[in-house]
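As you go down the protein sequences, you meet chains A and B in turn. Residue 257 in numbering that gives the first Met the number 0 sits at position 258 of the first sequence, with consecutive numbering throughout. Residue 226 in numbering that gives the first Met the number 0 sits at position 227 of the second sequence, with consecutive numbering throughout.
Treat the hints with care, since some could be wrong.
Unchecked claim - Some chain B residues judged to face chain A by a derived CB distance under 7 Å, without partners named: (1) 163; (2) 171; (3) 236; (4) 240; (5) 260; (6) 264; (7) 309; (8) 315.
As the list claims (entries may be wrong) - Just a few of them, taken from the derived set where beta-carbon distance is under 8 Å, the chain B residues facing chain A: (9) 27; (10) 80; (11) 81; (12) 149; (13) 157; (14) 159; (15) 160; (16) 173; (17) 174; (18) 177; (19) 179; (20) 180; (21) 244; (22) 275; (23) 279; (24) 300.
Just so you know, these hints were derived from the structure itself, not from any lab. Fair warning: this is a prediction, and the values are worked out from it, not measured in the lab. Don't be surprised by glycine CBs; every beta carbon is placed ideally from N, CA and C.
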Amino acid sequence: MSRPVQFPPSRSLRPLLAVLRVAGKAPSLAAGTLMLLAIVAIALGARHLTAYDPMDMVGSPFIWPGTDAGFPLGTDMMGRDILSGIAWGARVSLEIGVAAGLLAAAAGALIGAVAGFYGGFVDEVLMRVTEFFQTMPALLFTIVMVVVVRPSVATIVLSVALTNWPQVARLVRAEALRVSRAEYVQAARVIGMSRPRIVVTHVLPNVMTPAIVMISILAGNAILTEAVLSFLGLGDPNVITWGSMIGSGREALQTAWYMTAIPGCAVLVTVLALNLLGNGLNDLANPRRRGAQRGVL
Amino acid sequence: MSMAPRSPAKRRRPWPYPLRRVCQALPLVVVIAITNFFWLRLAPGDLADVIAGEAGAATPEFMAELRRQFGTDQPLALQFVAYLKRLVHLDLGWSFRYNESVLHLILDRLPATALLLVSALLLALLIGCAAGTLAAVSRWRAVDIAVSVLATLGFATPLFWLGLMLMVLFSAHLHWLPSGGMATLGVDTHGWARVRDIAAHMAMPVFCLAAYYLAIYARLMRASVLEIVGHDFVRTARAKGASRFRTVVSHVVPNALLPIVTMTALQFGTLFSGSVAIETVFSWPGLGQLSLDAVSSRDLNLLLGILFVSSLLVLAVNLITDLVYGWFDPRIEVQR
């Protein structure tokens, strides 16, 4: 990295080199982005990648992966194509992840900014609400909500967002406390701007970073939660998801463990990609955290 | 403006901290109770419908009689007051699936879950802190990288899936460990044989539940140790002739543990959530499995009872951590 390039690279290579340089500085960001792009490609290209409907029984059951060219990842106990399930399941997982991540980050940012900026009673009440949501065991809360309301993609997104916004709110609140003492906020007050307007135009834009950085981690959380729910049989019954594939594969765990292993790996890789992306973004946002002092040891 | 500094008289604390902390927690309990009540009301159908469903058929007169008996024909506010009154008496209602009081059922299953949670937490703390410290102070970069990679994987693995995979390996293929339950069925053992039997059944669920927290603690401990190592007192310890090992064990680690304590309390709710899935996978007879049973038999009373009790448990753990915090780090007391 530090070695200077001897020959000036040709013009067409320059953007590529710039990308590589960023990748070298933030390997986790680069790896996460690449993996995520691949998963997005699989999700978007599900229609072209496979010829089968993931819900249809298209082959004979219990075909092991790699033994039949027509079914590269094999078939499950009902003869459904596993590759189709993975590809179509990627759509559902990413949809849920992105929607829940965005929702939780937006709600957390708004509540955190208001609590940090207003302070006093408003802060006290909002922080108690935050504590309330952090006290409830998240998965139990989600299970109750799904059971009471109805298992659907929307319910799952909503309940994941409901149980995850407090982390964002706490981070954002700390930032908002700092920002609310900044000179430009004081100036905005002096010229008589209303407080809601200050929150929207001055505080929020300056405290968004931690919330945005959190989106990908929250999306990973959401995907994990959805997988657990569908595994427990509480997912949306109208779509095929990785979690429900694990759940149905479990019945043949002893003999055909690949039915469980493959969708689980899909969840693992996707969440890993999102976490790497999130960690990379976090490093970019807080550069001084990297390269901590090793001290005398 | 609200940002004006408060007068010093207002700043002086009127009550000792523990009392203040408990008073802060009380409204939270009430809010949890309100939410529970709200969920019960929101659910389609009421208790009378459930009983009528179990009985097969019921006349409208019988339904009205049931509703009068349970008080569901009363105004909402009155129902809520009655609900609170029952909660104060620790009456969480009746489970029609098990034909037993909800509280009794929960207390019956609580020890199994507690055993699982505490063991997982201890395992995660022990190994996580050791791995994190090792990663931070080791002179081999490979150790640091290995711990980081494992921690990153631990964060991303669906725990219940890890459980299933371990089951395939250790139960189905190697036949080393039993695949589920808490003890071997039909065998009545005592003393050490029983302890060994339960330990064998515990091994996989505890490891699965611990995996995620291992990752958290390893990462947190690494960062915390790296920060502490830069302080002057570490240099002093080294300068006075303490060995590297001694410096780390008696000077660095105790100081680096504080964020771990905070994190443990914060994560207790998540730990509880994790046990729901793990208990289902390994058919561990705890609260998690009970809640899943409640879901499949539509026993909302039982499910909400579990949610209520587990929320209280998490709250209690957080409260206790807050209160013993001063013992871990006497400096905190001054700031309060």
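These are the hints, each one checked on the structure:
1. 163: 5 Å, holds
2. 171: 5 Å, holds
3. 236: 9 Å, violated
4. 240: 13 Å, violated
5. 260: 16 Å, violated
6. 264: 10 Å, violated
7. 309: The hint holds - residue 309 of chain B has a Cβ within 7 Å of chain A, the shortest such distance being about 5 Å.
8. 315: Because about 10 Å separates residue 315 of chain B from the closest Cβ in chain A, which is outside the 7 Å limit, the hint is violated.
9. 27: 6 Å, holds
10. 80: 21 Å, violated
11. 81: Hint on residue 81 of chain B: violated, closest Cβ of chain A at ~21 Å, above 8 Å.
12. 149: 12 Å, violated
13. 157: OK, holds: residue 157 of chain B within 8 Å of chain A, min 5 Å.
14. 159: Holds, about 6 Å.
15. 160: 4 Å, holds
16. 173: Because about 13 Å separates residue 173 of chain B from the closest Cβ in chain A, which is outside the 8 Å limit, the hint is violated.
17. 174: Violated. Min distance 12 Å.
18. 177: Violated. Min distance 14 Å.
19. 179: 11 Å, violated
20. 180: Hint on residue 180 of chain B: violated, closest Cβ of chain A at ~16 Å, above 8 Å.
21. 244: With a closest approach of 10 Å, the residue 244 of chain B hint is violated.
22. 275: 5 Å, holds
23. 279: 6 Å, holds
24. 300: 12 Å, violated
The structure shown violates the earlier hints numbered 3, 4, 5, 6, 8, 10, 11, 12, 16, 17, 18, 19, 20, 21, 24.
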